[in-house]
Amino acid sequence: MNTKELYQEIILDHGKNPRNLGKTENYNKEAKGHNPLCGDKVHIFLELDENKKIKDISFEGSGCAISMASASILTDLIKGKEENEIKEIVRDFLEMIKTKENLENKSLTEDDITKLMCLSGVKQYPMRVKCATLAWHTLTSAIENKKEEINIEELD
Amino acid sequence: MNTKELYQEIILDHGKNPRNLGKTENYNKEAKGHNPLCGDKVHIFLELDENKKIKDISFEGSGCAISMASASILTDLIKGKEENEIKEIVRDFLEMIKTKENLENKSLTEDDITKLMCLSGVKQYPMRVKCATLAWHTLTSAIENKKEEINIEELD
Amino acid sequence: MNIDNIKSQFPIFSNKVHNNDLVYLDSANSSQKPLVVIDRIYDFYTKEFSNVGRSVHYLAVAATNFYENTRTSVQKYINAKDKNEIVFTKGATEAMNLVANTFGQKYLKEGDEVLLTELEHHSNYVPWHFLRKTKGIKIEFAEVNSDGEITIESIEKKITKKTKLIAFTHLSNVTGAILPVKEITELAHSKGIPVLIDGCQGAPHLKLDMQDLDCDFYAISCHKMYGPTGLGILYAKKKWLEELPPYQGGGGMIGQVKKNDISYGDLPNKYEAGTMATAQVIAFDESIKFLNKIGIENIIKHEKELIDYGQEVLKKNNSVKLVGNPKNKGAVLSFTIEGIHPHDIATILDEDGVAIRAGHHCCQILHDKLGLPATARASLGVYNTKEDIDKLNASINKCKKIFNTK
Amino acid sequence: MNIDNIKSQFPIFSNKVHNNDLVYLDSANSSQKPLVVIDRIYDFYTKEFSNVGRSVHYLAVAATNFYENTRTSVQKYINAKDKNEIVFTKGATEAMNLVANTFGQKYLKEGDEVLLTELEHHSNYVPWHFLRKTKGIKIEFAEVNSDGEITIESIEKKITKKTKLIAFTHLSNVTGAILPVKEITELAHSKGIPVLIDGCQGAPHLKLDMQDLDCDFYAISCHKMYGPTGLGILYAKKKWLEELPPYQGGGGMIGQVKKNDISYGDLPNKYEAGTMATAQVIAFDESIKFLNKIGIENIIKHEKELIDYGQEVLKKNNSVKLVGNPKNKGAVLSFTIEGIHPHDIATILDEDGVAIRAGHHCCQILHDKLGLPATARASLGVYNTKEDIDKLNASINKCKKIFNTK
Ligand SMILES: Cc1ncc(COP(=O)(O)O)c(C=O)c1O
Ligand SMILES: Cc1ncc(COP(=O)(O)O)c(C=O)c1O
Numbered sequence: 000m001n002t003k004e005l006y007q008e009i010i011l012d013h014g015k016n017p018r019n020l021g022k023t024e025n026y027n028k029e030a031k032g033h034n035p036l037c038g039d040k041v042h043i044f045l046e047l048d049e050n051k052k053i054k055d056i057s058f059e060g061s062g063c064a065i066s067m068a069s070a071s072i073l074t075d076l077i078k079g080k081e082e083n084e085i086k087e088i089v090r091d092f093l094e095m096i097k098t099k100e101n102l103e104n105k106s107l108t109e110d111d112i113t114k115l116m117c118l119s120g121v122k123q124y125p126m127r128v129k130c131a132t133l134a135w136h137t138l139t140s141a142i143e144n145k146k147e148e149i150n151i152e153e154l155d
Numbered sequence: 000m001n002t003k004e005l006y007q008e009i010i011l012d013h014g015k016n017p018r019n020l021g022k023t024e025n026y027n028k029e030a031k032g033h034n035p036l037c038g039d040k041v042h043i044f045l046e047l048d049e050n051k052k053i054k055d056i057s058f059e060g061s062g063c064a065i066s067m068a069s070a071s072i073l074t075d076l077i078k079g080k081e082e083n084e085i086k087e088i089v090r091d092f093l094e095m096i097k098t099k100e101n102l103e104n105k106s107l108t109e110d111d112i113t114k115l116m117c118l119s120g121v122k123q124y125p126m127r128v129k130c131a132t133l134a135w136h137t138l139t140s141a142i143e144n145k146k147e148e149i150n151i152e153e154l155d
Numbered sequence: 000m001n002i003d004n005i006k007s008q009f010p011i012f013s014n015k016v017h018n019n020d021l022v023y024l025d026s027a028n029s030s031q032k033p034l035v036v037i038d039r040i041y042d043f044y045t046k047e048f049s050n051v052g053r054s055v056h057y058l059a060v061a062a063t064n065f066y067e068n069t070r071t072s073v074q075k076y077i078n079a080k081d082k083n084e085i086v087f088t089k090g091a092t093e094a095m096n097l098v099a100n101t102f103g104q105k106y107l108k109e110g111d112e113v114l115l116t117e118l119e120h121h122s123n124y125v126p127w128h129f130l131r132k133t134k135g136i137k138i139e140f141a142e143v144n145s146d147g148e149i150t151i152e153s154i155e156k157k158i159t160k161k162t163k164l165i166a167f168t169h170l171s172n173v174t175g176a177i178l179p180v181k182e183i184t185e186l187a188h189s190k191g192i193p194v195l196i197d198g199c200q201g202a203p204h205l206k207l208d209m210q211d212l213d214c215d216f217y218a219i220s221c222h223k224m225y226g227p228t229g230l231g232i233l234y235a236k237k238k239w240l241e242e243l244p245p246y247q248g249g250g251g252m253i254g255q256v257k258k259n260d261i262s263y264g265d266l267p268n269k270y271e272a273g274t275m276a277t278a279q280v281i282a283f284d285e286s287i288k289f290l291n292k293i294g295i296e297n298i299i300k301h302e303k304e305l306i307d308y309g310q311e312v313l314k315k316n317n318s319v320k321l322v323g324n325p326k327n328k329g330a331v332l333s334f335t336i337e338g339i340h341p342h343d344i345a346t347i348l349d350e351d352g353v354a355i356r357a358g359h360h361c362c363q364i365l366h367d368k369l370g371l372p373a374t375a376r377a378s379l380g381v382y383n384t385k386e387d388i389d390k391l392n393a394s395i396n397k398c399k400k401i402f403n404t405k
Numbered sequence: 000m001n002i003d004n005i006k007s008q009f010p011i012f013s014n015k016v017h018n019n020d021l022v023y024l025d026s027a028n029s030s031q032k033p034l035v036v037i038d039r040i041y042d043f044y045t046k047e048f049s050n051v052g053r054s055v056h057y058l059a060v061a062a063t064n065f066y067e068n069t070r071t072s073v074q075k076y077i078n079a080k081d082k083n084e085i086v087f088t089k090g091a092t093e094a095m096n097l098v099a100n101t102f103g104q105k106y107l108k109e110g111d112e113v114l115l116t117e118l119e120h121h122s123n124y125v126p127w128h129f130l131r132k133t134k135g136i137k138i139e140f141a142e143v144n145s146d147g148e149i150t151i152e153s154i155e156k157k158i159t160k161k162t163k164l165i166a167f168t169h170l171s172n173v174t175g176a177i178l179p180v181k182e183i184t185e186l187a188h189s190k191g192i193p194v195l196i197d198g199c200q201g202a203p204h205l206k207l208d209m210q211d212l213d214c215d216f217y218a219i220s221c222h223k224m225y226g227p228t229g230l231g232i233l234y235a236k237k238k239w240l241e242e243l244p245p246y247q248g249g250g251g252m253i254g255q256v257k258k259n260d261i262s263y264g265d266l267p268n269k270y271e272a273g274t275m276a277t278a279q280v281i282a283f284d285e286s287i288k289f290l291n292k293i294g295i296e297n298i299i300k301h302e303k304e305l306i307d308y309g310q311e312v313l314k315k316n317n318s319v320k321l322v323g324n325p326k327n328k329g330a331v332l333s334f335t336i337e338g339i340h341p342h343d344i345a346t347i348l349d350e351d352g353v354a355i356r357a358g359h360h361c362c363q364i365l366h367d368k369l370g371l372p373a374t375a376r377a378s379l380g381v382y383n384t385k386e387d388i389d390k391l392n393a394s395i396n397k398c399k400k401i402f403n404t405k
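Residue numbers (numbering that gives the first Met the number 0), protein chains in the order written: chain A, 0 to 155; chain B, 0 to 155; chain C, 0 to 405; chain D, 0 to 405.
Among the hints, erroneous ones may be present.
[Unchecked claim] Pairwise CB distance ranges (calculated):
(1) 160(D) with 288(C): 34 to 40 Å
(2) 244(C) with 3(B): 55 to 61 Å
(3) 80(D) with 211(C): 51 to 57 Å
[As the list claims (entries may be wrong)] Partner residues are not named here, just some residues of chain D that face chain A (Cβ under 8 Å, in silico):
(4) 342
(5) 343
(6) 401
[Claimed, not checked] Facing chain B, according to a computed beta carbon distance under 10 Å, are these residues of chain D, among others:
(7) 55
(8) 64
(9) 68
(10) 72
(11) 321
(12) 325
It should be emphasised that the hints constitute simulated quantities derived from the structure, not laboratory data.
Model, not experiment: these values are computed from the prediction.
Using N, Cα and C, we set each Cβ at its ideal position, and we do this for glycine too.
All chains should be built: construct the whole structure from the sequences, respecting the hints.
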């Protein structure tokens, strides 16, 4: 593993041109996340419909390529999915990024898996794991209606 | 130099049976001294007559053999002497106890010199020098009418 | 590790003092360090040095992991619930100042009482005195009995409706009395009062189990625990660390910093402002490993044998008087010799390579009570032996001879 | 000592990082340690260890002398009038907390102003924020200009009748700006205002002359000055140390201790409560000797060449932007690369053994002002060379390549 492999095209692309950047108009849930060590910030906006499906999602924030790519890939991937399914994906991703070899969730498409596995390289860079997980923890916080800003140092 | 030589008979004798212990009746000057490191304390009482001669002197206190012997020898030696002469003796003693080989003051008797030189052994025991000088600094303080208790740590 | 041969692990003992073998009996002041600890400092500085926490480069990542490993080791050693209940300080003195300052800020007001004991070290009195000066709190002292002990009754007697905290030593650094800390804590908690234990002398010699003790705060001095100088530990229950304000402000302890306001970081960062004693924390992991290898039960057994033997020998020695006679006694033998001042004793013993301490041992309140301006103190560590006690006794006899004492 | 060959004095550089030579550019965070310092710690612990001050035995006497020798060495190195103006702390952060706490206690009240600068490290802001919370003081910030400098005018503009203290850094740990500290001090004194200088970055890189500077307080971080971790220094004019109350309470800082009152010891003991960082203080004497052997003039010259070269090289590098452009600049090169986040830069550089730091460097106020959430920082020490700068630049180019940046 070297940094050329860490910073794959997909990550650079999502990092530079993050999808779903901005503030979706009709959001009904939101949460902020912050990594005090490096200053990365993310603010997630969700529009959950009456069936607990994500109708729209977007984020604002600033941070390194990995955190931006992670937020971009995340938001792309869960759009249209249902709350419980999302919780499963988050759990699966967080386990993979820290310890497990692969993702286990069966509902993910080939393409989704490829994108998520792109981020798996950070496993070799312990100080950067939090960059990859920030958006994911923040999403959980938004879904759970947590009032306080997430501080990533407490988690992971 | 070993401790048997440090604790000569004269020191042990003066340490155990200090001369001039107590509070002289008609004192007109006094001062307290204290060594916070080891807890040694001395309180000197002086009766200075109109000619600035020491008519009587005594001390109260508690401390190690060296500090008690030093106070005892000091008070014995300066009784009847005149203020300026005493200042000279104090200066001479303090220099001897720290650096110089011998005493220089010409007015001292053989016997006085013998007694004072008994204390010269502490030179080899740097942590104990303050024990030998406590009474001397306190005497100076009494003569100069200093109000505050002498703290030996500041001096030497 | 064989405890009988433990001296060989401590390089200091291959040196001579005044041409004599070193008989080190000043461990209550500071313990000697095993080679593993010294080597760890050396290796860290020569091969791995970096500051922790904030850089993402290789050395910084490694150092941060080592640093946090020590926190986990300490947590396990003292059986704390959470590793974030372990705060590194510059010493036990700072740990107790931290508690007095932050608890004082938040919970103490004029007229409130803090209950100490007459056995306390100045480090567990002066910080409370500051609050007496600035806030008008009152300080009460539970009385020591004639054996140099603090009983549960002496504590109970001084608790009032205004008592807001009880702070006491685990093991007296003068009489060696081991306090009934668990009983005191239970009593205090039954009245809703938190407790701070000064664990300076407890930590190197006794089994530490924060879940069993259930105390609110426990202060440790690492340099007395076979660790490097310049390091201490405050254990505090999470709820306190969350509730109390931070103590020092600076880098690493913040959340967000704006011109008009500042938010603080999470535990334990909130209490670890500025660059910490990185190398010392990392090396302290080796002290814990060293203690674990011997096993605290073996240490307790070994030291108990020594203290019993020491008491036996010194009690037999004419004109030597032990200071305090507690039933439950640890690692400290303080004594006086009739007619010989403790400083004279220490000087004469030193000539034989026997290192003890003379003075008030930062316990003036106790010495006032005992009517002694100073005492001589021989204190034990894991490396001491019965032979050391014999040498102490022989040197005491020489002392008596010089002073013509019987 | 030949400065061109100085790396050989630092054992860390014989180690590899990711199979590359270590290019250590994180000295503003903490400097590496020369072998003499590491050896001194080792020797002290293996041959001479004892606590200082209170015991009269051989080892304690020797340790006390070593300890006090360092105080004298520091006094001479910074040209203080009196050795008792040197107080050892656990770090610069503690030194600044000490000043804020004690000066705040005695001299600050609601509505009083303390003037800082936008360049300040959190260590020179959070302690004042505590006083804002507890006492209602106000904090003002002198503004940084577009070159990342603080001018005397920017200070003058913010001084009011309520300004009670001015606290500022000697050398910015982000822009590298060297402040006109002497002029600021003169201005402040002309209005009767005392000054505190945060000397963390000044001390390792600049000539220190307290008589010339005439500042009231100067805080030093020993671990940034080729010394051990867990040690700092507060220089303060004697009059302040005499007037101000003590900061921490405990053993060694007292005069007399009674149940109803306590008197404090003399300088510097009054400010050195508890067991100090004995080994670290003793080893720091070797850091001072090391600096003296090279000579601060040679260090200044060497580092000036490097910083000039570094600026030249980085300015030429497309899409690299230096942070700040101060006329008078020391040992720090902060930069950004268009389109690449500093943390990504640091990770990629690290792979080549190039250790820099990325983040806000404990200067959030400044980063807010610059509109940058983070910067990359290469900071220099006496051991760095032009080759290190070239390697930094090469690694930056690799970074750009990975990110397809021109
Ligand atoms: C300018 C400045 N001030 C203060 C500090 C804090 O020093 P320390 O962490 O050693 O207490 C630092 C270093 O981190 C610094 O660069
Ligand atoms: C009982 C007790 N409390 C507190 C202290 C102070 O510890 P430190 O000097 O390591 O801060 C000591 C040791 O001197 C001690 O024996």
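Query raised in the report: Quick one, is the residue 321(D) hint okay against chain B at 10 Å, beta carbons?
Result: Hint on residue 321(D): violated, closest Cβ of chain B at ~52 Å, above 10 Å.
**Report entry** residue 68(D) as an interface hint toward chain B, with CB separation required under 10 Å
**Finding:** Given a least distance of 13 Å, the restraint on residue 68(D) is violated.
Query raised in the report: Taking 8 Å as the limit, does the beta-carbon of residue 343(D) come near enough to a beta-carbon in chain A?
Result: Since chain A brings a Cβ to about 5 Å from residue 343(D), closer than 8 Å, the hint holds.
Report task. Hold the hint about residue 64(D) up to the distance rule: shortest CB distance to chain B must be less than 10 Å. Result -> 8 Å, holds
Query raised in the report: Taking the least C-beta to C-beta distance, is residue 342(D) closer than 8 Å to chain A?
Result: With a minimum Cβ separation of about 4 Å from chain A (threshold 8 Å), the hint on residue 342(D) holds.
Query - C-beta pair residue 160(D), residue 288(C): status relative to the range 34 to 40 Å that was hinted - result: 60 Å, violated
Requested in this report: Given the hint of 55 to 61 Å, check if residue 244(C) and residue 3(B) actually sit that far apart at their C-beta atoms.
Outcome: About 59 Å separates the Cβ atoms of residue 244(C) and residue 3(B), which means 55 to 61 Å holds.
Query raised in the report: Is the shortest C-beta separation between residue 401(D) and chain A less than 8 Å?
Result: For residue 401(D), the interface hint holds, since the closest Cβ of chain A sits about 5 Å away, which is under 8 Å.
Query - Supplied contact hint for residue 72(D), tested at 10 Å Cβ to chain B - result: Given a least distance of 19 Å, the restraint on residue 72(D) is violated.
**Report entry** residue 80(D) versus residue 211(C) beta-carbon gap, inside 51 to 57 Å or not
**Finding:** 54 Å, holds
**Report entry** Interface hint for residue 55(D), Cβ within 10 Å of any Cβ on chain B
**Finding:** Holds, about 4 Å.
Query raised in the report: Holds or violated: is there a CB of chain B closer than 10 Å to the CB of residue 325(D)?
Result: Result: violated, 44 Å to nearest chain B Cβ.
The structure is inconsistent with the numbered hints 1, 9, 10, 11, 12, although it conforms to all the rest.
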